Amino acid sequence: MHRSQPHTTVLALSALLLSASPAISETFSWAGTTDPQTMDPHAVNAAPVLSFLNNVYEGLVRRGPDMDIQPSLATSWEALPDGAGWRFTLRQGVTYHDGSEFNADDVIFSYERAISEPSDVKSWFSSITGVERVDDYTVDFLTSAPNPLFPGSIANFMILDSGWAEANAAEMPARDAENHATRNANGTGPFVLASRDPGIETRLTPFSGWWDTAEHNLTEAVFTPIGNPATGLAALLSGEIDFISPIPLQDVTQVEERDGFKVLAGLETRVIMLGFGHDHETLKYSDETTDANPFLDPRVRLAVAQAIDVETIDRVIMRGAAEPVSQLLPAGLSGYSEENAERPAFDPDAATALLAEAGYPDGFSFGLMCPNDRYINDEAVCRAVASMLARVGIEANVNAMPVRGYWDELRADNFDMYLLGWSPGTFDAEHPFRFLAHTPTERLGTWNFGGYSSARIDELMTPILQEIDPDARQGMMDEVAGILQDDVAYVPLYTEPLIWAMKDNVEVIQRPDNFFMLRWVTVN
Amino acid sequence: MMLARLMQTEGVWLFSRNPAAILAAIVTIVVVAGAVLAPWIAPTNPYDLSSFSLIDGLLPPLWEQGGDPRFLLGTDDQGRDMLSSILYGARLSLIIASVAMGIALVLGVSLGLAAGFFGGRLDAIVMRVADVQLALPAILTALLIDGISRGILPREVHDDLRLAVITLAIALSLWVNFARTARASTFVERNKDYVQAAIMMGQHPLRIMLRHILPNIVGPLLVIATVDLASAILLEATLSFLGVGLPADSPSLGTLIRIGMQYLLSGEWWILWMPTVFLVVLVVSINLLGDFLRDLFNPSLR
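Residue numbers (the numbering used here), protein chains in the order written: chain S, 1 to 524; chain E, 525 to 826.
These are computed hints drawn from the structure, not numbers from a lab.
Watch out, some of these pointers could steer you wrong.
Said to hold, decoys possible - Some but not every residue of chain S turned toward chain E, in silico, with C-beta under 7 Å:
hint	residue
1	Gln250
2	Gln254
3	Val316
4	Gly320
5	Pro324
6	Ala380
7	Ala386
Stated by the list, open to error - Here's a subset of chain S near chain E, in silico, CB distances under 7 Å, partners left out:
hint	residue
8	Arg133
9	Asp251
10	Ala384
11	Ser387
12	Ala390
13	Arg391
Said to hold, decoys possible - Quick list of the computed label-pair ranges, beta carbon to beta carbon:
hint	chain 1	residue 1	chain 2	residue 2	range
14	E	Val804	S	Thr290	42 to 48 Å
15	S	Asp504	E	Leu561	49 to 55 Å
16	E	Ile619	S	Lys284	27 to 33 Å
17	S	Gly227	E	Val681	57 to 63 Å
18	S	Ile509	E	Trp564	26 to 32 Å
19	S	Thr253	E	Leu561	55 to 61 Å
20	E	Trp564	S	Gly260	48 to 54 Å
These numbers come from a predicted model, not from an experiment.
Virtual Cβ for every residue (Gly too), placed ideally from N, Cα, C.
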């Protein structure tokens, strides 16, 4: 048992006095639903991990408050002639947290690590054929065809120190097992990983040797995962934490009305949608229709879209915080198709008529797969969808499960219809097209669980990637969005809201990708 | 025989002079009738997806501003009528509690009777098992059974058997009371002359237990059965509240309370309060009835 010595008490007292003065900010603690699974920037391609590690590691480029691409470890970049790739000029005088120097070797090492077999981020480099070192502070990323979007697509490609990784036997990302990089980090970013207790607490301290000027005023930052948003909200209101994301939508008014707290609400770029089993011959979870898959008929898919009243889902379940959406990405992002901005109108009678026309006047039953802890109110939305579909005569058996096993079930084709949320990582329509609309192959269409396939969309993917003229490119984007809408390949529902809650004295910048950047946090 | 006579004379007289018991009996009858007749009297069927609409979501009770005459107690976040959900939920809660109590009664009384009548090794074994069971809190037993069945059964089977598992779990945590009471009363009765006479006459032990002893110990058992029914309802609600009970699409009272908890701080108080108040009223009335029965069968308490 530790006994408090007289001099420690004096120290503690003086510390109290010091912290009472406004000039010195206190420890900032924040909470989220999910703990980042790993501290390895190449092991898991998921938002909680990448968002957290962006405070510790940096990429060649980074995104600013408005998602604009800014120089980071690279000071400038230019396209090589004839679409042969991109040349990055690296920043000089940058050091890692352990003091070693950053140079071109680290970029090449990190690239090779990111495309290695156990890496989860290989798909970011699908168009890259190789990386060449020109000198200590210049590297070339080579492509087989022009790729105008490449620099903007690697903001989350984080650079590791080759010497540190080799010294600690972490040359490869550890996906299933653990290695040194799973719990330790050595980046160039504004914060140093001070201690890590997975699932319990992660502590960060500011990096005094950071190359950029710090905009934050934190002396320490502590992250605690709190799985239940209601519990997290209670922790915020009791003063235990300074910031949390998200809070339950029904509690927004309550927090706003309290003195000393505020809510920052916005829209994430994530679109919540329904997907179908396009390549399933029969329904898997139907009580009576076992010899056919009605969803193969576009009229049935359109009927589903027309039967769902997204406005009411937004009003009641999302408390008006969501935004109905017509495409696989929200309005305003690059490549969004203005031509296809119209959703199929909510019209249950037309839906019933379409079902009858398609040969299902008495409806049918099917299985709707749904996560219950991934998106805001995901299970409630599925149940509301089931209730709306029941009104036009088709009966959804909702199977809601934790996200832990959800993707495996979808990959195993265990669904007739499913709920999916998609955030375009590159903030361009090409991203959801590549992952969700292209026919599934080794590298493309990897999240197209239902196996939707359109020869014309597949054909347009390469020109979209290479086209430099914005109008011509948008023309192709419009065509893809039009095909997806005519086919009702997916039923896009709404854009997920962002609900951040914090103490009044905390100033943050809310980025639409829901990344929480400590470098913009100030505590007054 | 004795019971019937008691009920006809003293029982009725005592009952008529005990307003708490009368009130409790009326409330219990109304609530139980409402639950049993839910499919016929509830305004809507909360299990039928096409019978409610999200447009009606989160409406307050009738007497609050914004209430809708179609929904006396308001609606939940899916637009389901709270009154219907509660009636159907209470039905499910009562079914589970009664079946569990029935299993516990049969199991406990049989073991208690046998232990008290035969004594010796059988008695020792049954009572030690009961002691062990008694050392485990009821909620822990139920969680344990649910956990084990979740572990050994495939997911789909477990989901289908959920109702059975939770019933069994409750029954297993309630049988001890019956066994101990039955054994103690049997011990007393066993040495009385009429039982000894029956033994002398060479009657079959089973016949003696069922025909001679059981009718004479049924009083205290009835009291326990009533009180345990209330415990069973509470236990089911607790388990469902903790999320190991019934799923959200076939809600019992406990599940309804768990769902309502999400709205505790957000102003939609009726989603939580309506099922909670209903549960409290139900359990209190059954307990009051149990108290009355105990007084009735135990003259020294009068």
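> Which of the listed hints are broken here?
Replying inline: Of the numbered hints given earlier, those the structure breaks are 4, 5, 8, 17, 18, 19, listed in rising order.
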